[in-house]
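Please model the entire structure based on the sequences and the hints provided.
For reference, the chains in residue letters:
There are 2 protein chains.
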Amino acid sequence: MNYLIVSVLTGLLALAFAFMLRNSIIKKEVKNERMQEIAGYIEEGAMAFLRREYKYLAVFIVVVAICLGIFVHIQTAICFVIGALFSIGAGFFGMKVAVKANVRTTEAATRGIQEALIVAFSGGSVMGMCVVGLGILGLGLLSIIFDLNVEYITGFGFGASSIALFARVGGGIYTKAADVGADLVGKVEAGIPEDDPRNPAVIADNVGDNVGDVAGMGADLFESYVGSIISAITLGAVIKLTSGKEGILFPIAVSCVGIIASIIGSIVVKNLKGDNPQKSLNTGTYIAGVIMIIGSAIFSNTMFGSFKPFGAVIVGILVGLAIGKITEIYTSSDYKYVQNIADQSETGPATNIISGLSVGMRSTVAPIILISLGILVAYFIIGGRDDSMLGLYGIALSAVGMLSTTATTVAVDAYGPIADNAGGIAEMADLPEEVRNITDKLDSVGNTTAAIGKGFAIGSAALTALALFASYAQAVNLKVIDLLNPLTLIGLLIGSMIPFIFAALAMEAVGKAANNMVEEVRKQFREHPGIMEGTEKPDYTRCVDISTQAALTQMVLPGIIAVAAPIVMGMLFGTEALAGTIAGAVGTGVLMAVMMANAGGAWDNAKKYIEAGAHGGKGSFAHKAGVVGDTVGDPFKDTAGPAMNILIKLMTIVSLVFATVIANYGGIISNLFSK
Amino acid sequence: MNYLIVSVLTGLLALAFAFMLRNSIIKKEVKNERMQEIAGYIEEGAMAFLRREYKYLAVFIVVVAICLGIFVHIQTAICFVIGALFSIGAGFFGMKVAVKANVRTTEAATRGIQEALIVAFSGGSVMGMCVVGLGILGLGLLSIIFDLNVEYITGFGFGASSIALFARVGGGIYTKAADVGADLVGKVEAGIPEDDPRNPAVIADNVGDNVGDVAGMGADLFESYVGSIISAITLGAVIKLTSGKEGILFPIAVSCVGIIASIIGSIVVKNLKGDNPQKSLNTGTYIAGVIMIIGSAIFSNTMFGSFKPFGAVIVGILVGLAIGKITEIYTSSDYKYVQNIADQSETGPATNIISGLSVGMRSTVAPIILISLGILVAYFIIGGRDDSMLGLYGIALSAVGMLSTTATTVAVDAYGPIADNAGGIAEMADLPEEVRNITDKLDSVGNTTAAIGKGFAIGSAALTALALFASYAQAVNLKVIDLLNPLTLIGLLIGSMIPFIFAALAMEAVGKAANNMVEEVRKQFREHPGIMEGTEKPDYTRCVDISTQAALTQMVLPGIIAVAAPIVMGMLFGTEALAGTIAGAVGTGVLMAVMMANAGGAWDNAKKYIEAGAHGGKGSFAHKAGVVGDTVGDPFKDTAGPAMNILIKLMTIVSLVFATVIANYGGIISNLFSK
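Those protein sequences? They're chains A and B, same order as listed. Residue numbering for the first sequence follows UniProt numbering, starting at 1 and increasing by one per position. Residue numbering for the second sequence follows UniProt numbering, starting at 1 and increasing by one per position.
Keep in mind the hints are simulated off the structure, nothing from the lab. Owing to the predicted nature of the structure, the values given are computational and were not obtained by experimental measurement. Just so you know, not all the hints are guaranteed correct.
[What the hints assert, rightly or not] Restricting the straight-line Cα-Cα distance to at most 27 Å, the calculated cross-link-like pairs of lysine-lysine (DSS-like) are: (1) A/Lys608 to B/Lys512; (2) B/Lys618 to A/Lys512; (3) B/Lys624 to A/Lys512; (4) B/Lys336 to A/Lys512; (5) A/Lys624 to B/Lys512; (6) A/Lys624 to B/Lys523.
[What the hints assert, rightly or not] Far from chain B, by Cβ distances over 12 Å, these chain A residues were calculated: (7) Leu4; (8) Val63; (9) Lys270.
[Stated by the list, open to error] Examples of chain A residues toward chain B, derived with CB under 10 Å: (10) Gly360; (11) Arg362; (12) Val365; (13) Ile567; (14) Met571; (15) Phe573; (16) Leu591.
Heads up, the beta-carbon is just placed ideally off N, CA and C, and yes, glycines get one too.
Below, the structure written as structure tokens:
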């Protein structure tokens, strides 16, 4: 069986399925004119953002491609451009459909929850299928063209990472600037409800859900997906488990099984009857999981005559699931942590913040232990005891395993913002309360599933980064990365620091952009009193522009840091210092990602818990404190937190792409005084 | 010259100087009866805390000593007990004098700022001299008794670390529980000013300044001080720079010079005339620094015939000073960062918190780069290029250099809470406003100097921990600590996580204790309406009890984590995993320490900046937001932040003490499947 051709075909199949889903959504009619109008604004705003973003991206891609062509290889540059374009493509198609699906979900919600679920989930699935389809298609094609030369194919991962940076960090800044800005003036100052059409920032807020949570998250997982496969094939190229190319082909086969499993799971969700959307989503996810497990066991046995590689794959799936489950414990109001934050809100915002930060920090323990256990088991189960390269390959396989169901993860994750948007449209179009109740129910299901999705995103980022780290060591021919070497040690310290400065810049960007937004909304209210009376239409475009502008300019500096830091460290202090840098960045990056995501989620749900009636309910003193916590949590969970995933993967893949350059010319300063 | 006998004599000299200073303070009379009464409450509360703490400590010391006697050596156990007792002694004497100095500073302030400065600074100097005097005395005596056997002497450092944990973390919980509790009900709910005698928590708050900021900080620096010297003599025992014992004796000599320099500096501060307390403190510090530099250059040249070891010492001093200076930029309202937090307070507490956290994270960059540069220069300047053990010795020497002026650092640091207490007493005793103005001025000088002191504490903790890390590697005979080994990698991940859980526990402890305090104060106000009318005396003792109880019980779990984590990691996964654990903990520990200290300091000063008139001044919307930031910052800068220093030093010294046990019996799990 030619696995590469199969992978190309599987990729095409996923894209065909996505196209089919898209058609099933588009063909639904939207009759309500007001809904059409609002959905039009959102679509327009989202596309305006993308167009502006593409201008920045074009410059970036050309510049980096030229550098790669000069300093690395022209083939790597080609792979880089293709990786970037494919990631852009996944984001573009996914979002294009998401902004059609939102209004159609609202429309469907007028006829019941089951139909609304199907529309929203189909919308999310398009994104999911585009991510995995384009991912495996690109990798398969390039593997055929460049005859499995991993040094070139790494460029594809670099392209994906770069776009993820723009999409996730830029999108994160966009969405939170709009959200915080809309809330601060709308809810707090003007006293109008969320999604009120009189709020000039309301469209920007809804656009933000799409550019941040749909396109940004898709690009993030596209990067993890291809990154994990690349690290596995890089290491698979050098292991001696078989005499053939099975080491390279197995991760590709596993990914293909994952895609097929996801397609079947997605069909199951669409065809299940019943009023419980959570159950439908779970059933689909479980069926996909079972198919995935059986399929990869068969391939493991067929290709290697052993279930050991399959063991490593399973470890990844289990760790991902467990992290997702634990995330729920720390972020759902059914458990004591969120309830405790709500308790602490009784004494005001300060104690709410302190306890939210503690919950976030505390929640790092279990995921870190799970990831550590995963590393150990994956390493030793496959035979790392006798062959360390094989052990590292095991870690890479567990990342591939964790990401094999990416299509479902993305679908479930993208479903959330679509449902959220649908609710916003229902509110703005003044639909009956039952409709809003249905979309709210869909949305709350989305919140739980999104938490699990975040667990997967973080866990897979950690494993992918570590696997790429091993690939890097192999590429620069480091047999040992010694922490007693002062260069490694300073690399570790500086690497540990980078997530802190990156998070600081991301949060400051949200703060600045939100401030601009607040001023604009205040100005519109002041200069056009008709807006509040409902006689005048607010200028939505101006607010969309502010968020767009801020998102794109504010992410330049963090972007430069992420790309330049590994190159600078390598060029100045050599390959071992750079290895230390990556290890440090992965360590604190994962911790900060978990801490920020969970603190943010916990604050959000503590506020909702109070709103549901605890501690005096809406408008109480505790509620005001809860709103403060939620607002602090927004940039945590939707900007800086997810940005950590990108950061650590980007830093490792940059190191891998520039491995040869750094090995040959790096260490300018350290060579002066070390042996 | 017998350096060990000289070191014992220098230690005795420092203690004699401390005794002289104490007498000069005690002999001042306090005539005002109200002041006597209030000071009596504070002294009583502080001593009550210490007595209770000693009961816990006695159990702890006995249990650990028995374990050490059984599993390590009986001599190590003896050194441990002596280290613990000396640390307790330094804290006890220092605080005993601080609670006398506070009221006498108030008294002196009625006669002018210069006299008040001298009393407060003398009070701080007693603590400083006790720390260095007992430190060098203990090390000198034990070196003579055990003939420089570093394996035993390490126990002295472990004893110091254990007490530091109790004093710093317990003290930190105490002081912030009282502070937050007093503020939340007093200032926010009842609307009475700070230090109002009607507030039942006010005495606990003032006691907290002593147990947290005087005794806790003293124990912290006592630990760093002896830890740095121990790591230097451990490494000095194996280097081959000379044929004699100069490697061991040089750090002791440098420390002795530092003590002499500090005594002279302290005399200068006391005898300078003039109205500018900042200038007096600076002049004293600079003179001490110059003497220190000249002295260690002479010893370097005499003992080694080379200025290279002196170079490593100087690096430490410079890095410490630079970190202190940079700390000021991020935490003083003269610079844009604090002003920016104040700006962001205009849109409420949420934006205040976001920008404070960003400032904290951003402020990690420069200190980490400085520490990294320090490591490189110290390593290579002494000859690490050809002999890596020598390079590690250079790092240890730079830690010794940074800490050589500990006496002055502690004096300047302890001076702040004494001035703060003096202000509280003036307020409670209803003294004229001029007196309060003078103590406020002293206090504000203390805030700036305390920031520099915190920079030293963090920088020295990092370098000490890294030097101890190198000593550990040497003790377990690790030639290489390889990050490509999955055991090192999981050690790194788990180690990186420990500061997060530790910080979470410390902050939760403050939250819980503050809540208890709030309830008690509310209850007293409710049940005794006479308190607010000024006709009834509040029950101060009850509040002191609550803080004491909370501080001592809440620190048990973090304490166990700090001591057990390295032992568990080493026993389960072996020496290399433990090395990874330490490296990870030092990396994130330093980052969290800097982040929390600076964010807390910046929030504090942003609030003060608003209170001074910016953004509407006291009572404005921005001010309310500023108060929230300050309250969040309290456990950051005074509990969790400083606890990081202790944590990383304690973890490394535990590893060093148990090195032989772990090397011989460790790796229970990892031995099952690794080679």
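Verification of the hints:
Our distance criterion of 27 Å between C-alpha atoms is met by A/Lys608 and B/Lys512, whose separation comes to about 23 Å. Among the hinted pairs, B/Lys618 with A/Lys512 is consistent with the structure: their alpha-carbon atoms are about 25 Å apart, no more than 27 Å. For the suggested pair B/Lys624 and A/Lys512, the alpha carbons sit about 21 Å apart, so the restraint of at most 27 Å is met. Of the pairs offered as hints, the one joining B/Lys336 and A/Lys512 holds, with about 15 Å between alpha carbons and a cut-off of 27 Å not exceeded.
Between the alpha carbons of A/Lys624 and B/Lys512 the distance comes to roughly 21 Å, so the proposed pair stays at or under 27 Å and holds. With a C-alpha separation of about 24 Å, the suggested pairing of A/Lys624 with B/Lys523 holds against the 27 Å cut-off. The claim that A/Leu4 lies off the interface holds: its Cβ sits roughly 30 Å from the closest Cβ of chain B, which is beyond the 12 Å cut-off. A cut-off of 12 Å between C-beta atoms confirms that A/Val63 is not in contact with chain B; the least separation is 26 Å.
Chain B leaves A/Lys270 outside its interface by the beta-carbon criterion, the shortest separation being 40 Å against a cut-off of 12 Å. For A/Gly360, the interface hint holds, the least distance from its beta-carbon to any beta-carbon of chain B being 8 Å, beneath 10 Å. With its C-beta approaching chain B no nearer than about 4 Å, A/Arg362 sits inside the 10 Å limit, and its interface hint holds. Proximity of A/Val365 to chain B holds as hinted, the smallest CB-CB distance being about 5 Å (cut-off 10 Å).
For A/Ile567, the interface hint is violated, the least distance from its beta-carbon to any beta-carbon of chain B being 17 Å, above 10 Å. Using the Cβ-Cβ criterion of 10 Å, the hint placing A/Met571 at the interface with chain B is not satisfied: the shortest such distance is roughly 16 Å. Restraint check, A/Phe573 versus chain B: the minimum CB separation of about 9 Å is within 10 Å; hint holds. For A/Leu591, the interface hint holds, since its Cβ comes within 10 Å of a Cβ in chain B; the closest pair sits about 6 Å apart.
In summary, the numbered hints that this structure violates are 13 and 14.
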